[in-house]
Every structure is written in structure tokens, then in C-alpha cells.
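Protein chains: 2
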Amino acid sequence: MSEAKQHKLTEEMKFVAKEENLEPEVIMKGIANGRIIIPRNIKRDFNPIGIGEGLRIKINANIGTSADVIDLDLEIRKAKIAEKYGADTIMDLSTGGDLDHIRKKIMEAIGVPLGTVPIYQAAIENVTNNKAIVDMSPDLMLNVIEKNAKDGVDFMTLHCGVIKNIMIHLKEHPRLMSMVSRGGTFLGAWILHNDKENPLFTNYDYLLDLAKEYDFSISLGDGLRPGTVLDSTDWAQLQELLIISDLVKRARKANVQVMVEGPGHVPIHEVQANVKIEKSLCDGAPFYVLGPLVTDIAPGYDHIVAAIGGALAGMAGADYLCYVTPSEHLGLPTEEKDVIEGVIASKIAAHAADLARRKTEIDWDKKMSEARAQLNWDAQFQLAIDPEKAIKYYNRNKTNQTDKIKACTMCGKYCALKILAKEFGDKIIEKTQCNF
Amino acid sequence: MSEAKQHKLTEEMKFVAKEENLEPEVIMKGIANGRIIIPRNIKRDFNPIGIGEGLRIKINANIGTSADVIDLDLEIRKAKIAEKYGADTIMDLSTGGDLDHIRKKIMEAIGVPLGTVPIYQAAIENVTNNKAIVDMSPDLMLNVIEKNAKDGVDFMTLHCGVIKNIMIHLKEHPRLMSMVSRGGTFLGAWILHNDKENPLFTNYDYLLDLAKEYDFSISLGDGLRPGTVLDSTDWAQLQELLIISDLVKRARKANVQVMVEGPGHVPIHEVQANVKIEKSLCDGAPFYVLGPLVTDIAPGYDHIVAAIGGALAGMAGADYLCYVTPSEHLGLPTEEKDVIEGVIASKIAAHAADLARRKTEIDWDKKMSEARAQLNWDAQFQLAIDPEKAIKYYNRNKTNQTDKIKACTMCGKYCALKILAKEFGDKIIEKTQCNF
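Line by line, the protein sequences give chains A and B.
Residue numbering for the first sequence is 1 to 436, as defined by my numbering.
Residue numbering for the second sequence is 1 to 436, as defined by my numbering.
Hints in this document: simulated from the structure, not taken from any laboratory.
Careful, some of the hints might be misleading.
As the list claims (entries may be wrong) - Facing chain B, according to a computed beta carbon distance under 7 Å, are these residues of chain A, among others: (1) A189; (2) I268; (3) Y301.
All values reported here derive from a predicted model rather than from experimental measurement.
Glycine is no exception: its CB is placed at the ideal position from the N, C-alpha and C atoms.
Please work from the sequences and hints to get the whole structure.
Next comes the structure, spelled out in C-alpha cells:
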């Protein structure tokens, strides 16, 4: 950010500009004014990605062990498959096993930015030492963040906006689901138990120094995000966002790249307002939404619920979508299939929204439609977001007859495209056998 | 509709009012002015449903044989499972086998309205008799419609708006994907081949008489619906809608219940406009959308693509969503799993949109959120849109430890709800073992 403010074009800016089909100056200007970030720790080396205004919407896949399911190989497989299917970043949210080791191994396995929520590690170290989470020392919290920075983490969720006033207000004015952000809850419970201010808020300048030293980006966590559509867009959520908007300004002044995390559970008619409010309050800071989930009634299908919310949020201006897997609200995603479904649903949402914000994105749809109009199945499979699945479905259904006439079993010989082509005198599908 | 206009409250209106938690007079008024329909043939007996303004959004599941895959038992199983998982109506789109027999058997198997596209049967009878589709006689088309009416079909898609002028214009101004509506294409090709006007347009008054006699509802098909987001909201689509808006007025004058079919493939930023235009042009006639699909790049996942479009369309005012299965664009859905995925995705979209248009719908989310706040897993499963799947995921992931503390494997002993509950002094989860 310092370099961008000094009008210096870095290699990272040029690379991102090329990837995004934009002029490097656009990226430089976006970084200088804080509307674009390129999260990459100085310790790391991979092709950089940009997140923010005017860029393709990016998606994140969360992986990581839990206290009850600790299988490093599984987590590495999940990280790799997420990257293969199009995750732009990975967050390691491990809470079980040797966290430093797991983080290191996952980082080695992937070629995209890695994010973490360091407060998890602080809490878990206390529990491991038979101390309560609420007895974490502020030093431990800050040390863990420094350790993550030194180890090369590219961006960290820090719940600096969960302040004492909000927690007292929340206790007096309960919501249906008090707090569902795990990191936010660790800090919220700490604040109430110790009757002290959030150490990540009081030590924010120190965190900015750390971020600048290692060039990691700060993702300002939404500890008060609603956990049900009934708590959406309420006092606690908006008060935290107001605190965060000040923290964004302080980060920019210190030349630290920062983004803002958003809900969560939001009914469909409030999604746009949530994005517009963040963009207005935080002067266009990149907005990283968790879903949002537009209803609470579909456990097992929350990847679809999140795709609806993510597409709407993206259309309204959100820049970065955190995936949700079908396993959400039911348990840790323990199979690679869950990760694939989550990544693809999120990518569909991102692309659908990109059609509204970037003129060039429709090229993909155009190529696919041309392949369809020509009944060119090979091209359709190649262009599909998940070629393996498309081929699987096609082959599962095809018959000798449909194979011969190059149609699909939905319409077979009554294929609309072929029937009309004859009346139009089209040459487009002349290579196919048209019997009409 | 005649009775509604005469201010007569029928049993059907009362039943629908109760189901929708509305006053019977609201339903009566909606039917009288054409903004609500209750599709049910006089030959049929089942609990009626209403479609239209202010009502819960309804969803339809298409089933049916194709020329290449003819398995009546499979189709009956698909129809029944669609109904079980919440399809409000079923359309039999069979194009292979003994169509009269298949339709009869499916009708006997279900307790919801049945829809058809009779032009399919006319086309197929010609092909069976070694004649070309474009050589269908107008009498054959009308006879098949009458047969469907006599057999008890509750609503029929009739592509009356595909008129000669549009077909000539389309030939002169080609789109990327000319036509993708199968029924619309049969008629469009017929018009061009015979250089004559659409018999369903020229005989519209006769069709209205038939509809009145059997009290089936007409679904004015969108033969020119876009088949790719690149053709969306174009001349052909809107010209057909203009024709349809006149046909709606004629139907209402004849006391025939009518709804309007809509796209199709529409990019996310054009969905709202498409709904508003239909509602404006057709004076609030119930709008039945096919998806809409907000991108073309995800074969194998088009149920998710359609859920995004359906939720947005519903929020904007669409009343009735046609499901899309993962098999769309790749073949006939040949497995019950495809049908379940399509129905659930569509139901999620409908419910998410209902949250924006009906205040009472959030009760479901409220109950689920209360069950979550109390870590009451049994209640969560009961309330889930698909209890079997929710239980499957939960059990797949749970460990002895998570089972004991009633948390899930996502957070296990680091469950946010439990940690904060202690600081809040909540009694809400006192029955669970909270270690913090």
C-alpha cells in the first residue's frame, strides 16, 4: 500500500492487472485508496491475487481440523481439491492437533493465499494447559498473531471490533442467537468475564505494525454477525460495523491492507442494504461475506442457500465470498465431496454476480452457448465449471440413439435446436444428422 | 373465475385461503381480477392450491419419458418423490411411449395439479405415423388439447404467442440460440414451413371455450424464451410477451384462468426487470418462471443456478418456479436423486423469496433458530427441509465426544453458543454439559 500511494507499480500489481484484464494503474490506484488488496505475506511466494472493487469476485474455502476430527492428510486433500476446483484462497481454521505443524503443511501444499483466525490457537493453547478460554492472557493473543505472521500467513481474521460496550448491550438486549462467530465469542466471553476491553482493540496499533512488517492483510472479523435471519441487520451487527469503519481508516493511514467481513444470515431483501452500508461506512473497503445465508431451514443444502445470498451480495458489490458446504450447521465437512460442492456453488454465485459487474465475464457463457447451439458436446464439457460431473451426467443418460444424433436424452430426436435449424436453413449443425 | 366475479365464495377458495393464512375474500378478489388462479380440471379431485399475488410461491417438477428413455414406473416414482419433497404441481412432459396411458397413470399417482404441453403429443403422433412434425394438421393440435382436457389435465402450456411475424423477424435477426422451447419450436417451425399463422393463436377463442368447459388453466408458454444469457430480454422475447399480454386480457374476459410463462436464461441484473415487465404488461397475471438460469457455465449444477435466479425472481414478484435438476442440459433426469435435488433447490429459492413477501413465512426460520440456540438436534432435524439428509450428515460426522456434549463436529467443545451462554448466565442450554 505504501508503494501504491507513492505511485510505484510493483510486479504484484502488474500480475494482478493482467489476470483481471485491467490497466496496472487501476490496480495501483485501488490499492492506494484501500479499495483493492493483494494479500501476500513477505515470507510467501505464489501468483498474487487481488480482491476488491472492479475485480472478479473471489471465493474462499475453509478447511481445518476440529477438536474431534484430526486428520492432517484429509485437510491437505481438502485444501488441494478446493484449489483445483477454483478456490482463490484457503483459510485454515484448525482447532485440533498441532496447529503450527498443520498450518505449515497446508501452506506448503497450496499455491494461493492462506488465511487464519489466530485467536483460535490462543484459546486452544489455554485449554490444552487446563486453563479456561476466558483466562487467555492478552500477551498470548498477540504472540499467536505474531507467530502466524512469522510463519507466513497472508491474511488474518482479527475480531478487533468486538468491544466491551457492544457486549454489555448484547447481554442487556439478547438476540435469538447471541453470537455464532467462534473467534468473536472467545473475545466476547473474555471481555465479559474479565470486565476489560478487547485486547485486539486496545492493541490495534501494535497489530498494524505487525501487519506492515510482514505485509499480511487484516480481515476485520464480524464477531457480532447474525446467526439467524431473525437477528439480521440489528443493533449489535451495525454497531460493530461502525467500530470497524474507524479501524479501516486507521489501517489505511498506517498503509496496512484491510478488508471487512460481513454476515452471515441475512434474509434476501436485506442483502443489498448490508453491502451498500459496508461500502458506504468503510469507504469501499473490500467486503468479504460469509454466505450470506438467506434462510435457516435447509441444513444439508446450505451451499445452495449461500449461493443465493452470495450472488445477490456480489451483484450489490461484495468482493469476496466465503464458501459454505452442505455440511454447515451439521458438522465438519469430512469428505472431499463436501468441499467440491461448496467451492462450485460459491463459484457459480461469484460468476453470476460478475456478469453484472464486469463486461468481459460473459465470454465464458458465450462460448458455452455457441457450443450448445452447435451441439458440440466436447466443447461443452471442456467449458463446464466441473467437466467431470457434466460428462458423468451425460454418459449416465445417453442412449445409442441420442449418441448417434448428437442430441441429449432430454429431447432426443425432438431437439428444438435441430428442428428449427432446418427451417432456418442453418449450416451450423450440418455435421449432425438431422432427421427433420 | 366466473364465480369469483359474482362474489361467490367456493369451497376451493376457502380451502386455499386457509392454507395461505388469508381471508377467503382475498382469494376471491384475486381470482376475480386474474391475479390468482386455482388450477383444477372439473374431472379431478384433490386439495386445491392457489398460485399468484400474495400467496406462497409454488414450485413445479417436470417429469416424463423421452423418445429414448421410456420407463413408466420410473416416471411414477419420480412424480411421487417430487410430491413427497414438496412439489406443488407436476408436469408430465412425456415424449415417448403411450402418452395417454402414461398421463393417466401419473395423474392417478399424485394428489397435486397435473400440467402438460399437448403440442408434444401432436408432434409425436405425426412422427409415429411417419409424417414430419411440420406437417401436423391444426385439427390434430386442437384434438390433442381437447383429449388432455377430457382426461383431466389441470393446466396446459399453450404457445399461443409464437406468431408468424415474430418467426419471420427471428429468421432475419438471428439470436445465438434461436429457440430452445421444444413446444414453441414445433409451432415456430410449422409456421415457417407452412407459411401460415400459429393455429393456437388463430383458434384462441376455441381454446378459451375448451378451458372454460373443463376448467383447466392456460399457461401461456414462452416459446421465444432465451436459451442463453446472451439472448435475454431481447426483441423476440419481449414481442412474444406483448402478444401474450393481449391473450391474458382475452382469457380474463372469457373467465378463463391464465398464467404467463417466463424465462429461461437471464443474467442476474436483468431478473427483476423481467418480472416487473411481465407484471406490468399482463396486469399482475401469475408469473411462472423456468429457473431463471443466471449463467450458462454450470451444467451438472443448474439446480443451483436456477435457485439463484428463482429466489431473485420470487423476490421481484414471480409466483411459481419450475424446478431445474442437475441433469438439465445434459439429459433426462433418470434418477430419483436428480428430482429430489431439483425440488429442494427450488423450494429453498421459493422460501427465501417468501421471506421477502409474506411476514408469516419467517416462523419456520424462527423455530429452526430456536432449536439451534438450544442445541436441540431432534427439533433441528424435524424442521429441516430434508430431515433425512440433515440426519445423514450429522451422523456421518459426529464423534462420541460431540455426541456427549450435544455439539457438532464443526466446533465441538469450542461451540460459540455454549461459551457465551455461560457468561450470559443463560439457562437456555443448561441441560447440555458446558465445560467452559
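Here is what the structure says about each hint:
1. A189: holds (5 Å)
2. I268: Check passed: Cβ of A/I268 comes within 5 Å of chain B, closer than 7 Å.
3. Y301: Since chain B brings a Cβ to about 6 Å from A/Y301, closer than 7 Å, the hint holds.
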